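A.B. asks: Model the placement of chain B on the given structure of chain A, informed by the hints.
In the order they appear, the protein sequences are chains A and B.
Numbering follows numbering that gives the first Met the number 0, with no gaps: position 63 of the first sequence is 62.
Numbering follows numbering that gives the first Met the number 0, with no gaps: position 186 of the second sequence is 185.
Honestly, the hints are just simulated from the structure, not real lab data.
None of these values were measured; they are calculated from a predicted model.
Just to be clear, a hint being listed does not mean it is correct.
Derived list of chain B stretches under chain A, where covered just means 3 residues or more per stretch with a C-beta under 8 angstroms from a C-beta of chain A [to be verified]:
no. : region
1   : 12–20
2   : 181–187
No farther apart than 30 angstroms at their CA atoms in a straight line, the calculated lysine-lysine pairs in the DSS-like style are these [to be verified]:
no. : chain 1 : residue 1 : chain 2 : residue 2
3   : A       : Lys362    : B       : Lys186
4   : A       : Lys362    : A       : Lys457
5   : A       : Lys271    : B       : Lys126
A few chain A positions that, by computed beta-carbon distances, are all more than 12 angstroms from chain B [claimed, not checked]:
no. : residue
6   : Ala18
7   : Leu161
8   : Glu176
9   : Ala191
10  : Arg214
11  : Gln279
Note that CB positions come from ideal geometry on N, CA and C, so glycine has one too.
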Amino acid sequence: MTSKIFKSILSVAIAVLLASLVIITGVLYQYFGTMQESQLKDELSLAAKATQQLGESYLQNLDSDRYRLTWVDDDGTVIFDSHADAATMENHAGREEIREALVSGTGSSTRQSSTLTEQTIYEATRLEDGSVLRISVSRATALVLVFGMLQPIIIVLVIALLLSSWLANRMARRVVEPLNRLNLENPMENEAYEELSPLLHRIHAQHLEINSQMRELQHKQDEFDQITGNMKEALVLLDNTGRILSINTAARMLFGAGKACIGEDFLTIDRKHNMCLALQEAYVNEHAGFRDSKNGREYQFDLNRIDSDGNNHGMVILAFDITEQVNAEKHRREFTANVSHELKTPLQSIIGSAELMENGIVKEEDVPRFVGHIRQEASRLVYLIDDIIRLSQLDEGAEMPREDVSLKVIADEVCANLADAARLKGVSLEVTGDDGVVNGVRRLLYEIVYNLCDNAIKYNNPGGRVRVTVAGKPGEILLSVQDTGIGISPEHHDKVFERFYRVDKSHSKQSGGTGLGLSIVKHAVQYHHGKITVESEPNKGTTISVLFDTGA
Amino acid sequence: MRNRFDEQLFELNREIIEMGSMCEDAIASASKALSTGDMELAAKVCENGSAIDRMERDIEDRCMKLLLHQQPVARDLRLISAALKMITDMERIGDQAEDIAEIVTFLNGHTMEGMEMIEEMAHETIKMVTASVDAFVKKDIELAKKVIARDDVVDDYFSRVKCGIITLIAENHADGEFALDLLMIAKYLERIGDHATNIAGWVIYSMTGTHKEV
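With the rest of the complex left out, here is chain A (with noise of 0.2 angstroms):
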């Protein structure tokens, strides 16, 4: 800026100075030789009186240093010369002056030097007698004058450089000193030159618009904390050296990270093997993905890159808990391995038997027992069948018609229909307390009390006893069947409640349980929210309670 000041400041002051040199030189150079001109006139006309009274000794006796004079006849042949001596001169007859005079009795002329440093001005005049008088001065040509006065010109110069720089410098800084105080943060608030105005208004209105795009930034920002934060799901975001551009409370939780991992290596807050080679699969395949277990439950982890323009931004890392998906598949995948070799059991004896009796090896005698058997196994496989389909029912969980039922109504029905088997094993079966009525599913609360009931008896020692009492209390009822059976040892209690799961496996078979009795039970009392409890111990008896919410 004051470069620029200086510079138009000196090239104004330049051109001024060199016009006025022009215009001035011109003018007065112009002037004096108009003056000179009528001198020399005035002093040719004195000398010509002169010389045509007193001839030529008047010319010598003239003592001129100023003007030259030089007499010349009408021939051109020089007769006197004040500065020179006339027999070594040349005919004068060509010179432009001696002709105007000759022939108009005037002339005039203006000769330069050959160096240009000189200019001599003529003036002639014809005496009475045709000879011609001439007078001339030399002077100094404009060139001369003005280069005799280069000393001051530059010395001017100078003084016009020093002047301008200074005021250079001090009109900048006064320009710029109020542009340096301007409050930007409230451009409208400042004084300063009008001509700043329309600046200082684009610059208010900047400030609006990136405030506005601030904050709408920072809702954005906002409404996505607000949702990752609230997700089950982990999400982390990479960005494309791997760093940690944001992380929600889930995954914060899942890797064990604390606040200060934003703008961190991912690494540093998951470095397992599977995670590195993932995140390089990542990177190249643009996806990757892969179960692992962490902090007691299975994840699934999903890492997708995110390309824009061909260009790689980051990475997503998405990581969902899986552990009851797992758990399921796994149930499921031994569920059907169980019902497969449940329903071979009976079908294998039944092949036997079969088997034995077509190759016509069984007696004659023998043949109802065999047929008896092959009877005997294919009901367990209906019963087993039957089983299966009930807990399918409920694993669908479809609406069944609900009604008031009586538990101890069920349960009376129950051990109307065990009193045999009671009877057969030798174990008393004894319904106590109140009517307990539930609004339920009567098939499922029937199939409760049986199972539970039918449980008793099986594991009971001979001479036992089984005793279901229904207890109302005020919003709920209690139904517990105690026995004093060969009872369950406490790592199984979790168990016992599993699909095919039997404490005694030898047993099985001699008990004749299909091993979804409990199954079917667990699933029946959730249908009805209810809550299922186990004591029990070793040899002294099991008591089984359910305890449904009767919501009053």
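C.D. replies: Same frame as chain A, now just chain B:
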């Protein structure tokens, strides 16, 4: 220029973490192969040994380039020189895990009593390695000090395993070779513990510039 340097340091940091993770993986797999007699797993550990060696050379190259081109000072210089030392220890851990896996393949599923203590020892050693890498990752001096203190536990395990093996040989001459293999494994585990201690020491050095007096 400085930005580029920071980027390179970041990469270095990441590679060390990766290498640490590979070592953790190697020793965990080797110990699992030992307790389950899983031959395939043992063979895999042996294969991965070369990957750890490659990683060491890569990191070494990177450190040298950083030292030459950027001429780091102070903390950065300490980090790089500590990295150079750390990867040597890590590489040794990888090698020893490989050695253990190799012995496991010789054992061929052979087990005997006295193994439980070695398994416990292996478990303790794995915890040490993990903690030392964690200390580096989190730049946690306290954790590094804990790792150094934990070395005594592993040393103690070693002497107990040794005594156990001596009685084993005294009682049952036939299993002498197996007993010696077990002793080797215990020794390797003890060495891995020492390397983990070294790594923890270098973590402390890279942050404070001083070595903890052991």
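A.B. asks: Of the numbered hints stated previously, which ones are contradicted by the structure, given in increasing order?
C.D. replies: Of the numbered hints given earlier, those the structure breaks are 2, 3, 4 and 11, listed in rising order.
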